[in-house]
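Which chain is which? The protein sequence lines are V and P, in order.
The numbers in the first sequence follow our numbering, run straight up by one, and end at 967.
The numbers in the second sequence follow our numbering, run straight up by one, and end at 245.
It should be emphasised that the hints constitute simulated quantities derived from the structure, not laboratory data.
Virtual Cβ for every residue (Gly too), placed ideally from N, Cα, C.
Incorrect hints may have been included.
[As the list claims (entries may be wrong)] One side only, chain P facing chain V, incomplete, derived with CB under 8 Å:
#, residue
1, Leu15
2, Leu86
3, Glu90
4, Asn93
5, Arg95
6, Leu96
7, Phe103
8, Asn107
9, Phe112
10, Phe120
11, Ile121
12, Leu124
13, Ile127
14, Ile149
15, Ser172
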Amino acid sequence: MKLYIQLAWRNLWRNKRRTLIAVSSVFFAVFFSVVMRSMQKGSYDYMIYTSVSTFTGYIQVHGKEFWDKRSLDQSMTIEPSIVQQFRKIPHVTAVVPRLESFSLISYGSATKVASVVGIDPEHEDQMTNLKSKLTSGTYLADTSQGILLAEGLAKVLKVSVGDSIVLYGQGFQGTTAAALMPVTGVVKFNLPNLNTSLIYISLPTAQWLFSAPDRITSLSFMIDNIRHLKSTTRNISALTDSRYEVMTWDKMMPELVQYIEADNSSGIIMLLILYVVIGFGIFATVMMLTNERIREYGVLISVGMKKARLIFVTILETIFISFMGVISGSIASLPIIFYYIKNPIVLTGKTAEVMLSFGFEPILPFNISAGMFLEQIYTVLIIALFSAIYPYVFIRKLKPVKALRG
Amino acid sequence: MPLIELKKICKTYSETKVPVEALRDVDLEIEKGEFSAIVGPSGSGKTTALNIIGGLDDPTSGQIIVDGHDISTLKKDEMINFRLHHIGFVFQAYNLIPVFTARENVEFIMLLQKISKEEREKRAIELLTAVGLADRIDSRPSELSGGQQQRVAVARALASHPSFVLADEPTANLDSKSAISLLELMEVLNHEYGMTFVFSTHDSRVIKRAHRVITLVDGMIASDVLNTSAHEN
């Protein structure tokens with residue numbers, strides 16, 4: 562085996578320049594595709610993280626049919642002991658209970674519809690950093706009777722901290738939910754939809770307001786890494802029964818999934834173009850390497866080398882070229898990727914404005930995962946094997962007498 | 013029993029517009045230990061005869077028995093295996109593997125025979141020493157003269173312990189001194205080890221030294237004579 566490997570390796574260096582050009586084509590294609598994928602995947606993870614940490618969490622547990630009907634009548638009760646077990650599931654970093662409904666809110670002559678969210682202030686902050694969004698007033702306490710009002714709503718209603726507003730809506734099973742509550746804080750969201758519609762109250766206050774003692778509408782989960790989504794979802798599902806439904810972020814935010822898929826498709830087209838470049842680079846080199854050695858192949862077959870072994874050597878040559886390119890391209894991409902992981906590209910101008918309007922910071926963070934490199938290895942290996950079809954067919958058809966004549 | 017036996021061998025090349033009869037009803041027997049030359053003008057069929065003896069080409073009709081095996085019935089892979097274990101080849105243009113050293117070139121044949129590394133290395137060094145290249149073992153073909161490369165080719169041909177060596181115009185690319193030196197080497201191998209050599213050649217130096225000269229003309233054996241003067245030498 563060693564001598565076959567030596568033969569293949571040394572054959573490559575008969576024409577250094579040509580081999581280096583072939584390796585370079587693989588190098589640049591891998592370098593650009595890894596960096597591009599790192600940026601794309603980093604951006605997607607960032608978008609997902611920003612979206613889920615703003616509100617939904619990576620995973621939610623609801624009462625059956627709540628997600629479709631969004632009614633307090635589909636709210637649920639859940640044993641504190643189960644919640645404790647959820648918190649102990651590996652990779653779960655936060656478990657956040659909420660009781661959500663809609664209500665009219667009114668101050669003076671102004672009235673608006675708002676989404677009222679009853680929260681556990683400490684756990685909510687752990688997941689959404691709600692406290693950091695406070696622009697005035699104080700954050701909620703566990704049993705606070707006050708309201709945190711989104712800045713956009715406060716402006717429309719012309720309300721400031723210390724004023725009291727009226728909430729009027731429908732509670733659990735058709736009861737009336739009405740209260741006069743003081744505004745204790747104002748929070749600002751980047752996402753305009755949230756900034757003009759949300760109000761937060763403490764969970765016990767919400768349960769009292771909506772006549773839904775001990776009930777919640779959702780239990781949101783944060784996890785340490787999206788890679789653990791499936792396993793964590795399985796673990797959560799294992800602790801729930803048919804009264805509940807477990808949903809992952811992609812089911813809760815299909816529009817985000819669609820956006821990512823559409824953007825990812827354009828990335829894949831770019832990758833395909835790069836792989837075509839790699840394919841032609843490798844194929845041309847393999848073709849030249851094969852054609853220029855016709856007499857040598859004739860000699861080797863004449864002296865007793867089986868064609869299968871000769872094909873094996875040529876495949877080794879192809880694999881060597883490919884992997885030199887893949888490894889060097891991957892190594893060269895690492896410093897760039899690590900630099901941009903630490904220092905994401907900051908966007909400016911219109912693009913930044915658009916991102917801000919969607920509630921995202923205008924940055925392009927990078928990401929790194931073994932999968933990105935494995936994808937390259939698999940793909941280039943497939944290309945290499947595909948390119949090896951040429952020497953395979955060439956050698957299979959080769960007649961030693963003709964080959965010896967060159 | 014002859015080492016090589018050609019019975020009524022015909023070879024016609026039909027790829028051209030007019031079919032070419034390269035060999036016509038050739039009957040030939042070569043015994044073990046011979047030092048024979050197949051000679052003749054260009055197009056007489058000597059290379060075709062050598063290719064057919066070596067199993068590199070198939071006859072259109074006839075039977076070839078080599079070392080007791082009817083090689084005309086062998087399948088392609090069996091033929092490759094047969095060549096590996098029974099026939100040594102020396103080519104006009106040396107045809108060494110350019111990226112291998114002299115030792116690796118000789119070893120490579122034994123690697124194909126699945127001989128152990130230690131034995132391969134030992135025999136390669138012995139053979140290269142026998143052909144006078146003990147000091148050029150680690151040289152690549154590009155670092156050797158034509159004569160030295162052809163000596164490596166001889167060592168390679170002998171590495172597999174073949175029953176005989178086929179040499180196609182082995183001296184054609186060599187200067188006089190190298191050619192004579194190579195022929196002397198082959199004679200020594202023939203005398204001392206009983207190795208059978210069959211050449212195809214135009215070279216009068218080879219013809220003079222051959223023990224038997226088979227002349228082909230238009231694909232037929234025109235003469236088959238023993239060279240007594242060469243025997244006496």
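Hints versus structure:
Interface restraint check: Leu15/P against chain V, minimum CB-CB distance 18 Å, threshold 8 Å, status violated. Checking Leu86/P against chain V: minimum C-beta separation of about 13 Å lies over 8 Å; hint violated. The criterion of a C-beta within 8 Å of any C-beta in chain V is not met by Glu90/P, whose closest approach is roughly 11 Å, and the hint is violated. A least Cβ separation of about 7 Å between Asn93/P and chain V falls short of the 8 Å threshold, and the interface hint therefore holds.
The beta carbon of Arg95/P is positioned within 8 Å of a beta carbon in chain V (closest approach about 5 Å), and the interface hint is therefore held. For Leu96/P, the suggested interface contact is upheld, since its CB lies about 3 Å from the closest CB of chain V, less than 8 Å. The closest approach between the C-beta of Phe103/P and any C-beta of chain V is roughly 7 Å, which is under the 8 Å cut-off, so the hint is satisfied. Interface hint status for Asn107/P: upheld, as the beta-carbon distance to the closest one in chain V is roughly 4 Å, under 8 Å.
Taking 8 Å as the C-beta contact cut-off toward chain V, the hint placing Phe112/P at the interface holds, the least distance being around 7 Å. Of the supplied interface hints, the one on Phe120/P holds, with its beta-carbon coming within about 6 Å of a beta-carbon of chain V, less than 8 Å. Checking Ile121/P against chain V: minimum C-beta separation of about 6 Å stays under 8 Å; hint holds. Here the hint on Leu124/P is kept, as its CB sits about 5 Å from the closest CB of chain V, short of 8 Å.
About 12 Å separates the beta-carbon of Ile127/P from the nearest beta-carbon of chain V, more than 8 Å, and the hint is not met. The closest approach between the C-beta of Ile149/P and any C-beta of chain V is roughly 16 Å, which is over the 8 Å cut-off, so the hint fails. The closest approach between the C-beta of Ser172/P and any C-beta of chain V is roughly 7 Å, which is under the 8 Å cut-off, so the hint is satisfied.
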